[in-house]
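Q: Using the sequences and the hints, build the whole thing.
With the working numbering applied, the sequence shown corresponds to residues 1176 to 1320, in that order.
If you're looking for bench data, these hints aren't it; they were derived computationally from the structure.
Keep in mind that a hint or two might mislead.
Said to hold, decoys possible - Per label pair, the in silico range of CB-to-CB distance:
#1 1233 <-> 1311: 17 to 25 Å
#2 1226 <-> 1283: 30 to 38 Å
#3 1283 <-> 1247: 35 to 43 Å
#4 1303 <-> 1244: 25 to 33 Å
#5 1259 <-> 1301: 33 to 41 Å
#6 1284 <-> 1248: 18 to 26 Å
#7 1315 <-> 1248: 21 to 29 Å
#8 1225 <-> 1300: 29 to 37 Å
#9 1312 <-> 1246: 14 to 22 Å
Ideal Cβ positions, reconstructed from N, Cα and C, are used throughout, including at glycine.
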Amino acid sequence: MNSAPNTAIDTSETPPVAEQVGLGVPTGDDEIHCLIPSADGYTGPERRASRRIPRTLEISVQPMDLQMKETGRSFFAITRDISQGGLAFLSSQKSDFEKAVVSLNDGIAPGIVCRICHSSLVHSSGPEEVWLTNVEYLHLHRPRN
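A: Written as structure tokens, this is what we have:
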């Protein structure tokens, strides 16, 4: 009998991010994990200064133009992992812009302006695509009036 290797990540020693920053109960795991490349699967040099924590959170991504004004429509994404310096998220849209405001969908915390480091296609089935995007935190978003 053939069976797929166990690629689950043990997070039993890591408290949920939402609890670490006082946001309450984190969102539950869902079936999208089958599309998510493992954070432990990368074997190249670590480019983040701090440890990646696998965590699934719903976020909104609002693209910004070069003048740091909101441009285009915001879109829904799901985080794959986070660290002190940035995060990786999955979405159905390629992040073909330089900066964006990333916000938790529950609206508890302010948005964070992020630099898009890399966006790559990780799954495609007909017209459906899943993109993995890595971002670096820059600063809290302060909307201009």
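Q: Assuming the hint says 33 to 41 Å, is it satisfied by the Cβ distance from residue 1259 to residue 1301 or not?
A: This hint holds: roughly 38 Å between Cβ atoms.
Q: Using the C-beta atoms of residue 1225 and residue 1300, is the stated range 29 to 37 Å upheld?
A: holds, 34 Å
Q: Would you say the C-beta atoms of residue 1284 and residue 1248 sit inside 18 to 26 Å of each other?
A: holds, 21 Å
Q: Is the distance from the Cβ of residue 1312 to the Cβ of residue 1246 consistent with 14 to 22 Å?
A: At roughly 20 Å between Cβ atoms, residue 1246 and residue 1312 fall inside 14 to 22 Å, so the hint holds.
Q: Between the beta carbons of residue 1303 and residue 1244, is the distance compatible with 25 to 33 Å?
A: holds, 30 Å
Q: So does residue 1283 sit 35 to 43 Å from residue 1247, Cβ to Cβ?
A: violated, 24 Å
Q: So does residue 1233 sit 17 to 25 Å from residue 1311, Cβ to Cβ?
A: holds, 20 Å
Q: Take a look at whether the Cβ-Cβ distance between residue 1226 and residue 1283 falls inside 30 to 38 Å.
A: Violated: the Cβ-Cβ distance is about 24 Å, outside 30 to 38 Å.
Q: If I claimed the Cβ atoms of residue 1315 and residue 1248 lie 21 to 29 Å apart, would that claim hold in this structure?
A: Given about 22 Å between the Cβ atoms, the range holds.
Hint check: violations occur at hints 2 and 3; the rest are consistent with the structure.
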